[in-house]
Structures are given as structure tokens and as C-alpha cells.
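We have chain A already, so just place chain P on it with the hints.
This is what each chain is made of:
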Amino acid sequence: MSLEPRAGQTPSLLKKSTWIDFGIRLSAVILALVFTSLILVIAKAQPLEAYKSILQGAFGTTIKFTSVIASWVPLVIATSGLLFTFTAGLWNIGMEGQIVMGAVFTVGAFRIFDETGLDPSLVIFLAFLAGAAGGIFWALLPGLMKIYGGVNEIFGGLGLNFVAKTAAIWLIFGPWKRPGVASGSGTEWIDIPFRLPYIPGTNLSLTILIIAIIVVVFTAIMLKGTHFGLRLKAIGKNDKAAYILGIPTTRYFLLAFGLCGLFAGIAGAILVTSKQYSLIPDAGFGYGFLGLLVAMLVNYHPIWSAVIAFFFAALSIGNTELQYMGLNSYFAGVLQGFLVLFVVLVDGVRKRLVTKL
Amino acid sequence: MKISFQHINKWFGKVHANNDINFTIPSGTIQGILGENGAGKSTLMKVLTGFYQADSGEIFLDDKAVTISSPEDAVMMGIGMLHQDPLDFPPMKVIDNFLLGTRGGLFPNRKQVEKDITRLSQEFDFQINPDSFVETLTVGERQQLEILRLLWLGVKVLILDEPTTGISANQKEKLFATLLKLASQGLTVIFVSHKLEEVEQLCSRVAVFRQGQLVGEVMPPYDTDQFVYMMFGKSVEVADKSTFRSEVPYIKLENISLEDYRLRLRDINLEINCGEVIGLAGMEGSGQRLFLRMLTGLIRPVGGSILYGGHNFTGRTYPAFQKAGVAYLPAARLEEGLIPGMTLTEHFILSEEHHELFVNQKSAIDLTEDRIREFYIKGTPASQIEQLSGGNQQRALLALLRNKLRLILMEHPTRGLDIESAIWIWSKMKERCKECTSIVFTSSDLDEIIQYSDRILVFFGGLVSKPIDANTTSVDELGQLIGGKGW
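Top to bottom, those sequences are chains A and P. Numbering-wise (the working numbering), the first sequence opens with residue 1 and increments by one. Numbering-wise (the working numbering), the second sequence opens with residue 1001 and increments by one.
The following block holds chain A by itself, in its conformation from the complex (with noise of 0.2 Å):
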């Protein structure tokens, strides 16, 4: 019993490494501003003159901001889901696809109720559990590929996303083609009774934004106080030890790959209700990827996702006004990739000093 208690110090190590965790986070932040700065310098704009049309373009006007509130609303969700597979230390990069195949099976379901004569809410709801279905059924597919085939969840996936993308457009040219002739821009539309509506003046749709704040505070409670998402952290910390110490590790792989699919349906069901109220090649928008870019930066907080997920929303959203400056409108994108990769560089580099230390 002769060794020093090296623990006793531990709380306030922790307070000084979480502020020095922040330091580094906004020292990432900058750095990537700086670089985004230099890009726009070399393609000829004023980056202070850019920055500021960005936030006019997502502050602007309430149908501006409202139409970032309504882009939030399918990142946000897609990173709470992704905040489940991450806390299980799984990359589910198949997210894309599987907010793709919660669209396909939305509008499936549209297409099958369509003529019915069912209430159009019903229908809504029901098109909303499809959507569901959808997503889990392809998040699912991955995990059992890693479990019972040994296959990487960042290949399985990678693939997955291939074919569900494949699979819209094999559905949009074929099977659910328009009357006449088939288009890339998509399937016929759904009728106006299945349209979430908007508020009146803006762009965003009430709904959507009460389900947003559901799966976000559901997201933060199930991991942040329940059994549930502590053994989750373990196992994505060490599921070895996790098994060990009693914890049915293949279960809760597949619950975190369900939970993650089950929004990335709901997401996919959103993007189709109040956004393109049809299926289009590119039914997931992207948000799977860009999610996986949150969820990469806020650490696993649940909240702090809310936060960047809006900030995110926002410089996709504020960069369509950047056209008028001669600036391609996918510019935000720099500045988004930028930001992750200080963030995980700089991440790296203080790991390195820390075990150097």
C-alpha cells in the first residue's frame, strides 16, 4: 500500500485537459479559416466580402433562415444516428445509402397508398414507418456482414451506398418511371395532401422541426443516462473487456447500426415529404456524408451536434448567395472539409504530444 494515490489529482487534470481540448478545437477552427481564406485570395474574391454574403445568404431573409433551419433538420438527425454507431467505435460510412433507401421506401409506400383514400396524415405516418423500415433493413445489412462475415463496416458500407444509389436510379428510370418518358430528375411527384406543409412565409415545415428536437434530446438522453449508452461507450472503447465484464457485444453492435438507420429512415422520409416530394437520383443530399463530418468534430456530444450541424446548415445554405460574386456555390464545401481535417490533424498531433510527454 505504498503507492502514491496518482488518481487523487485526477479531477482537476481533467478541468485543465478539457480547456486545453477547446483551445485546440478553435485553434482548428482558425487554421481552417486561414486556409479557406488563402483558397479565395488565389481564386480572386475578397474572403471577408465572401464570408459576409455567406451569412446573408443564410440570415438574410426569414425564408433564408428558415430554409437553414429546414436543412438542419436531415443533418442533424442523420448525426444523431451516427452518434450511436460512433459511441460503439463503428464506422457506418453506408449512412448515405441508407438515408437513399429510407427515401425509396417512403416514396413506396406513397406509391402503393396513393389510392386508397386513407386519411393523407395516416398515410404520412405510414410512409414515415416505411421510411424507417427502409433505413434499418441497410444499416442492418452492414453490421451482419461484420459480424457473421468479417467484413470491415467501412467497406460494407462503402458498397451498400453504391447500391442503394443504384437501386433509385435503376427504380427512377424503371419501374416507377414518370407517364411518357423517364427523367433523371426523378419520379413523378407525390400529391399535395402528402406534402408536409410549410409555415406560411417560410420555408420549413413545423413537423419536421418538433422531430428534429425529439431525436436530438432522445439522442442525448439514451447516450448521456441510460444503461443503454453506457455500455455502448464501453464497447466502442474496448469490446474485448466490454464482453468480459458481461456486456452482449454482437447485440449491441446491431442495435447501434438500427438506431443509426432507423434516422437515417426518418431522414430519408423528411427529405422526401417537405423537400423534393419525389425520388431523385440523389435522394440522400449528402447529409450522411456531411453528418459523418459533425459527428467527427463534436466528439460524440449529442448536444454540441446540434450546434455544429446548425453552423453546417448554414454555411451550405448562406453559399448559394456566393454565386453572385462569381464563386461556385459548392465553395462552403471547402471551408467544411478544411474544418475536419484540422480538427482531426490537430487531434492527432496532440495525442503525440500528449504520450510524448
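Calculated from the structure, these hints are not laboratory results. Since we're looking at a predicted model, the values are computed, not measured. Incorrect hints may have been included.
To be verified - With a straight-line cut-off of 25 Å between C-alpha atoms, the simulated DSS-like cross-links for lysine-lysine are:
hint, chain 1, residue 1, chain 2, residue 2
1, P, K1156, A, K237
2, P, K1064, P, K1093
3, P, K1323, A, K240
4, A, K224, P, K1181
What the hints assert, rightly or not - Listed below are several chain A residues computed to face chain P (Cβ distance under 10 Å; list not exhaustive):
hint, residue
5, G60
6, I63
7, T226
8, H227
9, G236
10, K237
11, K240
12, A241
13, I244
For each residue, glycine too, the CB sits at the ideal point set by N, CA and C.
Chain P in isolation, oriented as in the chain A frame:
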């Protein structure tokens, strides 16, 4: 090549792994290096082959002081080592394994190398085809491959670390013949082993290590008792021991057979009674871990049956064993037992069965504080597990054991603990035995095994001894068995 060690010291943290080692190996001899796990023999060999740098001291090759800074360096100077686990590249061909270790140009001369392999393997009567894939070879053949490769690279000193583990009797004979032939050609062979018989049969001189020190050099004729005495030291007086072994058998093993890629254990029959403590002795890697993990359901036996309290558990998985009251404490604490990045409190929440949805933080912290006090863990409920010292991690692991258990399986339960803590931990465990919990544990400390076990099983190269009564055995007798004598 003549090798001379002078005042070699090597520390790992507080452990003095090599304590002022001085000795000389003349060229053309087969030098035996004998000692228990952790005696310092592998460390010294790793210093010689450049894996480690000595903290002080010098190595002389043919009376010239040298600095060996990497394994590649060692090979350049003519020192090659055959590791216990072959360091080859299984999915590649034999010839590619040869080519990988060379510095040859961009386009290696495959024809010439192929010819060399065939010539060398004929010389030593090995049957190795340069075009076969390494993964199709047996452990013995992979060893032959590695010897050929080192000879081909021109080594003058060949070090073999426990080379007879996992190879057949036939291959062993061939290996010994090869080594004798190499020695007669002037090569220096260093044979690291814990197997007394092999060392006696093969080596022309033996150095014995214990606890980091060179205890002595021995020339033939050899006396086995002297080796055992030198390896294990004087046995400590066995203090009072309490036993809670009942006459009620709880676990029954019938004709259990176990296998991994290099070990085969056959037809183990054993009854473990309620409250009994069984110690597993033997060099690490002799099958104790397989046996222990079989009892937890983590490994399935390839034959035979396991009965727990009269129920057949053969082929069931770890969760079923756990439900039946089996707990497992692995030796690799931070890899298999604990979860780095999580706090003590989180560990205690995870270790208990919970059926409610929400975590009750308050009761979890209360429980953690209780256990911290009860197990003298130096830490707070919010301490991350990896920030605790090794001894405190071990205490935490023990504190995580659930209350009602029928069988506890432990690997090296007191490794890294001071004697006081070890005695305290065992008093805790014996309390459980009173309540009819049985314990099976491994340890490399024979005194600990004799002190706390009711019966002892000795493992040696795939053999398992009949249960030995701990009251009538001695360090001497166990030492002989561990070294492969008296089977």
C-alpha cells in the same frame, strides 16, 4: 564467434531485468540459458540482438567492443535470433521471405536464391520447397525455414528462444542434429529454454538465471536437482494455510481436449469441488491459459464435456457461463479486463446487472465509494481507470467481481503487487471460498501456488499432470515437473 557480456544492466521501470551480467560464450559451443519466466534470459538475448539497449555494460564480439543498435545491425554483425513465435510472413512464399530480409537491389536474383535454398535444405536434410507458401508449413518447418534464412544471411551466432515449443519429436531430433552440426562447424549456438532435459542433452555449458541475475554457470556432468535449486531458489517457509474445500464436486471435466495453433492438450479429467482452490503451474504458454479460458466458455474444447453443477455446459458460450456464476480475471488488465477512458464509477455500473433504463448516478457513486474503501483503491469514483497504478487496477478488477459467484478464474492475480497487498487479496478470495466459491488461478510464482492452492495442476508442453496435493508437494517437485522431468 566469441561473445562476452560485461556488466550488463537493464531496467524496465522499477524492475531490474538484467542485474550486472558477466559471462563469456566461447565460439563453437552450444550455450544453454536456463531460467524461469521473467528471469531475464530473454531480455539479455534482446540486448544482444539489438531489440533493447542495455542501460550500462558492454558486449564484446571476438574481443571487440560493439554497439548493437537494431536487429538489422545484429544480423550484419553475424548474430541471428530465432524467436518463439516465428516472425515470418505467412501469406508469402518461402523464397519471398528470404528476399525480404536482404538489401539486394531493385530486382532480386530469384534463380540464385532458389538454388541456395535448395542447397541449404539438402545440407541439413530439411524438406523445404522455395515455392510453397509459408502458411502451409508447420511450426517446425517454419522454424527450419528461419534457421536456413539466418544461415543464408551468414550469421555466426544463432540464438534460439524456446525452440522446441510446438514442434514434433521428429522435428526436434532434426533440430538438435542441425545445431550440433552447426556448432561443429564453428558456429556459436545459444539455446534459451526452461526444459531441463533438453538443456542437459544438448548444451556443452549452461548459464542459469533467476530474478535478473546470473546465478551460476554449470558444466557437464549436470545434476538436475542443482538446476532446480538454482532456477527457483530456496523455497519459502509455507505459512499456515486455511482450506475451505468441501467434498461436494461442482465442476466436472470429462476427457477434455483443447487445441490452439501450437498446443494440444488431451483427455483432461478433473473434478473441482466447492470452495476448492486449484493452482495451475507451468511456464507461460504451456496450456494454462487455454485451460482457464475453456472453463469460462471463451474457448470451446475440441472434445470432451464440461459439467457445471450437473448441467452440461459443453459448447455453450461465455454469457451462459457468466450467468451460471463464472467470473474471469484476465492477465492483460487494460486490454481485456478494464476499459481505458472510462471512470471507476462507470466500471462498477457496467459490472452489475441492470434491468432499468436509466443510470442511477447517485447509487452508482455510493457503490463505487464503498468498493474503493473496501479494496483500498487509491483513486476517486471519477478517476479514469488508466490513470490508476497497476496495483490499483488489479484491485479494481477484483472489486468488480459480482457478489454471488460459483467459480472465479484468475490469471496472475497478484502480479505486480507488493507482498502485503497479495496477502490481503488472497484473504479476500478465501472469504469467498467459505461461501463455496471455487477458484482456479495461474501464477508463475510457485510459492504462491503452493501457499494458496488445495490442489495443483502442472502444465508442460501440452501435458497436464494429475492433481497434486499442495500440502505434500514442494517447490522442488513442481520445479522438476515444470522443467519436464518426472513425467
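Close enough to count: is the Cβ of A:I244 nearer than 10 Å to one in chain P? Check passed: Cβ of A:I244 comes within 6 Å of chain P, closer than 10 Å.
Any CB of chain P closer than 10 Å to the CB of A:A241? holds (5 Å)
Given pair status - P:K1181, A:K224, alpha carbons within 25 Å: Status violated; Cα separation ~67 Å.
Would the hint on A:K237 be counted as holding, given a Cβ-Cβ threshold of 10 Å to chain P? holds (5 Å)
Just to be careful, I want the Cα atoms of P:K1323 and A:K240 compared with a cutoff of 25 Å; is the pair within it? holds (18 Å)
Interface hint for A:G236, Cβ within 10 Å of any Cβ on chain P: Holds: closest Cβ of chain P sits about 9 Å from A:G236, inside 10 Å.
Compare the distance between the alpha carbons of P:K1064 and P:K1093 with 25 Å, and conclude whether the hinted pair is satisfied. violated (38 Å)
Report holds or violated for the interface hint on A:T226, using the least CB-CB distance to chain P and a cut-off of 10 Å. Nearest chain P Cβ about 5 Å off; hint holds.
Status of the hint placing A:H227 at chain P (closest C-beta pair under 10 Å): Status holds, d = 5 Å.
Checking hints one by one. Is A:I63 an interface residue toward chain P, by the C-beta closer than 10 Å rule? violated (41 Å)
Interface hint status, A:G60 versus chain P (Cβ within 10 Å): violated (44 Å)
Interface hint outcome for A:K240 [beta carbon to chain P under 10 Å]: holds (5 Å)
Violated hints, in rising order: 1, 2, 4, 5, 6; the structure is consistent with all others.
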